[in-house]
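Each chain, written out:
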Amino acid sequence: GEDVEQSLFLSVREGDSSVINCTYTDSSSTYLYWYKQEPGAGLQLLTYIFSNMDMKQDQRLTVLLNKKDKHLSLRIADTQTGDSAIYFCAERHSGNTPLVFGKGTRLSVIA
Amino acid sequence: KAGVTQTPRYLIKTRGQQVTLSCSPISGHRSVSWYQQTPGQGLQFLFEYFSETQRNKGNFPGRFSGRQFSNSRSEMNVSTLELGDSALYLCASSGDRVSLTEAFFGQGTRLTVV
Chain A
202 GEDVEQSLFL
212 SVREGDSSVI
222 NCTYTDSSST
232 YLYWYKQEPG
242 AGLQLLTYIF
252 SNMDMKQDQR
262 LTVLLNKKDK
272 HLSLRIADTQ
282 TGDSAIYFCA
292 ERHSGNTPLV
302 FGKGTRLSVI
312 A
Chain B
1124 KAGVTQTPRY
1134 LIKTRGQQVT
1144 LSCSPISGHR
1154 SVSWYQQTPG
1164 QGLQFLFEYF
1174 SETQRNKGNF
1184 PGRFSGRQFS
1194 NSRSEMNVST
1204 LELGDSALYL
1214 CASSGDRVSL
1224 TEAFFGQGTR
1234 LTVV
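For the protein sequence lines, the chains are A and B, in the order given.
Taking this note's numbering, the leading residue of the first sequence gets 202, the next gets one more, and so forth.
Taking this note's numbering, the leading residue of the second sequence gets 1124, the next gets one more, and so forth.
Just to be clear, a hint being listed does not mean it is correct.
For each label pair, taking beta carbons as the anchor points, the in silico distance ranges come out as [to be verified]:
1) Asp217(A) / Gly1185(B): 48 to 56 Å
2) Glu206(A) / Gly1207(B): 36 to 44 Å
3) Glu239(A) / Thr1128(B): 35 to 43 Å
4) Glu239(A) / Ser1174(B): 39 to 47 Å
5) Asn1194(B) / Ala278(A): 36 to 44 Å
Chain B stretches covered by chain A per the calculated footprint, using a threshold of three residues with CB under 8 Å from any CB of chain A [as the list claims (entries may be wrong)]:
6) 1140-1150
7) 1174-1181
8) 1187-1193
Hints are computed from structural coordinates only; laboratory data are not their basis.
Where is the CB? At the ideal position from N, CA and C, for every residue including glycine.
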């Protein structure tokens, strides 16, 4: 079945770049997403990318997609303490199918 | 534009009881999906409703059910609650004229079964 894998923890210093990685197994995934969850909150959609794209940039966020290796990454430039949260990678086959989530990567930003 | 609203935010129920959770999607969105989030299993898909019809269903027992009303608001019901049903229940809405791909989540309902 479909599976999405992420490393569980990442620690970076304030001002550095963070790179959160994700791998997925479904080669027919059409949309890939990054969500952020802060303590006690729901999921905030950060960005998403179509499978026919290699890269998407949105302010401090850069998403890279290697479709051949089924590898997705989220780079956060100039990481701030407010970026500390759990980041979830998710994929879906089409707009009519459910999101499949990874277990999430807990990002800790050290001041 | 108001976001996705889930009520209540917190619930404490006893084993064997039933519970109903509510989700009001973003105005104009016709799809509502429900997910269960637990520390052990992560985020798991329960079901999705689109225009009052269940379009997709996850792998949960029949104790978990849902419905969607003509105004797109959705409810999910869990009967005969078990301790393992304690979780954060999240609903997501999507499907307006602009994009069918973006899914926006509510703050969730935290259910504790004692």
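| Distance restraint hint 48 to 56 Å, applied to the beta-carbon atoms of Asp217(A) and Gly1185(B) | 49 Å, holds
| field | CB-CB spacing for Ser1174(B) and Glu239(A) relative to the 39 to 47 Å hint | value | 32 Å, violated
| request: Evaluate the given range 35 to 43 Å for the C-beta pair formed by Glu239(A) and Thr1128(B). | output: Violated: the Cβ-Cβ distance is about 18 Å, outside 35 to 43 Å.
| query | Falls inside 36 to 44 Å, the C-beta gap from Asn1194(B) to Ala278(A)? | reply | About 42 Å separates the Cβ atoms of Asn1194(B) and Ala278(A), which means 36 to 44 Å holds.
| said: Just to make sure I understand the rule, a stretch counts as covered if three or more of its residues have a C-beta closer than 8 Å to a C-beta of the chain. Does the region 1140-1150 of chain B meet that for chain A? | reply: violated (count 0)
| Outcome, coverage of the region 1187-1193 of chain B by chain A - at least 3 residues whose beta-carbon is closer than 8 Å to one in that chain | violated (count 0)
| 36 to 44 Å as the expected CB spacing between Gly1207(B) and Glu206(A), which holds or is violated | Violated: the Cβ-Cβ distance is about 24 Å, outside 36 to 44 Å.
| message | Can you confirm whether chain A covers the region 1174-1181 of chain B, using C-beta to C-beta distances below 8 Å and requiring at least three such residues? | response | Our answer is that it holds, as 3 residues pass the Cβ test (under 8 Å) against chain A, meeting three.
Hints 2, 3, 4, 6 and 8 from the list above are not met by this structure, while the remaining hints are.
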